[in-house]
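Q: Listed here are the chains, written in short residue letters.
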Amino acid sequence: MTFWESLQQSWWVLAIQDSPWTYAALVVLHFCGVFLLVATSALVDLRLLGLAARHGTATRLTVQFSPWTWTALGLAVLTGIPLFANHAPAFADVSYFWLKMLLMLAAAVLSMIVQRNVGKWEQSPSVPAPARLLALISLLLWISVIYASVQVTNNAGV
Amino acid sequence: MDILVAFCKWLENTSWALAVSGAYELYPYLRLIHFTGLALFVGTTAVVDLRLLGWGRRREGADQLSAQLLTWNWIGLGVTILGGVLLFLGTASGYIINPAFQIKMLALLTVIALRVTIQRKVLAWGGTPNVPAVAKLIAGVELTLWIGMITAAVRIPNY
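Same order as they appear, the protein sequences are chains A and B.
If you use our numbering, the first sequence closes out at 158, no skipped numbers anywhere.
If you use our numbering, the second sequence closes out at 317, no skipped numbers anywhere.
Hints listed in this document are in silico derivations from the structure and should not be mistaken for laboratory results.
You may find that some hints are simply not true.
Quick list of simulated restraints, FRET-style, between CB atoms [as the list claims (entries may be wrong)]:
no., chain 1, residue 1, chain 2, residue 2, range
1, A, I137, B, G298, 34 to 40 Å
2, B, I305, A, R54, 39 to 45 Å
3, B, A177, A, H55, 37 to 43 Å
4, A, V63, B, I255, 33 to 39 Å
5, B, K294, A, L136, 33 to 39 Å
6, B, R217, A, A25, 43 to 49 Å
7, A, M112, B, I305, 45 to 51 Å
8, A, I81, B, W213, 52 to 58 Å
9, B, P257, A, A106, 36 to 42 Å
10, A, S124, B, T172, 51 to 57 Å
11, B, G214, A, S124, 27 to 33 Å
12, B, P257, A, A129, 38 to 44 Å
To give an idea of the interface, some chain B residues facing chain A are shown, with a C-beta separation under 10 Å as derived from the structure [unchecked claim]:
no., residue
13, R217
14, L227
15, I305
16, N316
Because the structure is a prediction, the values reported are computed rather than measured.
Positions of the beta carbon are idealized from the N, C-alpha and C atoms, including for glycine.
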């Protein structure tokens with residue numbers, strides 16, 4: 001038995017498999033976390049690009065959103081772990097899964113960089129070009145995380 | 159219901175639907191569109207509801223937040239529906255008789271009605287230091303409906 005197979009056979013994962021509603025609840029909470037995470041990050045990025053919420057500043061949006069961004073990331077990761085364990089051998093075999101993990105890490109790091117620097121960037125009359133580029137990359141990374149997620153279930157046959 | 163099923167059968171055989179359902183490699187992209195729209199729609203709805211409920215930071219009022227997010231809230235709904243309709247077309251008559259799908263659509267219509275209500279009333283609600291109880295109730299109902307809708311969506315393959 002491989003490591004991933006033994007993970008899938010551990011008692012707590014078997015308990016989830018025996019309870020379809022626990023599994024469904026994990027999926028629902030995972031989606032809620034991802035939606036809130038992506039939206040709160042994307043809106044700050046869109047604001048920096050001048051495409052959203054132009055009556056206020058990106059700094060104020062960040063103050064309001066950042067606790068939700070990280071709460072949502074926590075929720076997505078905490079529910080993602082048992083969901084992965086449920087399909088561990090199949091998911092670990094799909095390269096999109098590892099790509100998703102990498103993209104998610106990169107997107108989270110970039111969002112953190114954006115949140116920390118947004119106040120500084122907005123002190124200049126217009127948002128500096130490198131900052132806009134970072135915001136654009138962050139936005140594209142979050143979309144590619146969703147794309148990789150879709151491909152994981154597609155390729156693992158879930 | 160019979161009329162709806164007949165309509166869906168007709169829909170499945172339109173050249174549009176046949177083109178989409180025949181292109182299997184398109185589905186991941188349709189899901190991407192649907193989920194990206196959902197993230198925007200659910201996320202921008204949830205932060206306003208959470209603010210009305212008084213959870214999280216209170217730097218912005220619910221009225222300001224709602225106004226700031228209004229455009230992307232409706233863009234999110236539009237993108238969700240675009241992806242959703244394309245996903246629906248190929249197996250329309252299967253979806254329409256699925257109880258989980260029916261619940262999902264009813265919840266969606268209710269959420270849209272609540273969105274319009276909140277966006278119209280939030281100027282009055284969010285401007286006061288204490289958000290009225292009725293606003294909190296509507297925000298709570300909307301959040302609950304979202305969770306119900308996602309649950310229904312997840313359960314669709316089980317029926």
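Q: Each of the hints needs a verdict: does it hold here or not?
A: Right, here's what the structure says about each hint:
1. I137/A x G298/B: 34 to 40 Å: Holds - the Cβ-Cβ distance for I137/A and G298/B, about 37 Å, lies within 34 to 40 Å.
2. I305/B x R54/A: 39 to 45 Å: 31 Å, violated
3. A177/B x H55/A: 37 to 43 Å: Given about 42 Å between the Cβ atoms, the range holds.
4. V63/A x I255/B: 33 to 39 Å: About 48 Å separates the Cβ atoms of V63/A and I255/B, which means 33 to 39 Å is violated.
5. K294/B x L136/A: 33 to 39 Å: Given range 33 to 39 Å: holds, Cβ gap about 37 Å.
6. R217/B x A25/A: 43 to 49 Å: 32 Å, violated
7. M112/A x I305/B: 45 to 51 Å: At 28 Å between Cβs, range violated.
8. I81/A x W213/B: 52 to 58 Å: Violated - the Cβ-Cβ distance for I81/A and W213/B, about 25 Å, lies outside 52 to 58 Å.
9. P257/B x A106/A: 36 to 42 Å: Holds: the Cβ-Cβ distance is about 40 Å, inside 36 to 42 Å.
10. S124/A x T172/B: 51 to 57 Å: Taking Cβ atoms as reference, S124/A and T172/B lie about 53 Å apart, which means the hint holds.
11. G214/B x S124/A: 27 to 33 Å: 29 Å, holds
12. P257/B x A129/A: 38 to 44 Å: 52 Å, violated
13. R217: 5 Å, holds
14. L227: 7 Å, holds
15. I305: 6 Å, holds
16. N316: Where the cut-off is 10 Å and the nearest Cβ of chain A is about 8 Å from N316/B, the hint holds.
When held up to the earlier numbered hints, the structure conflicts with 2, 4, 6, 7, 8, 12 and fits the remainder.
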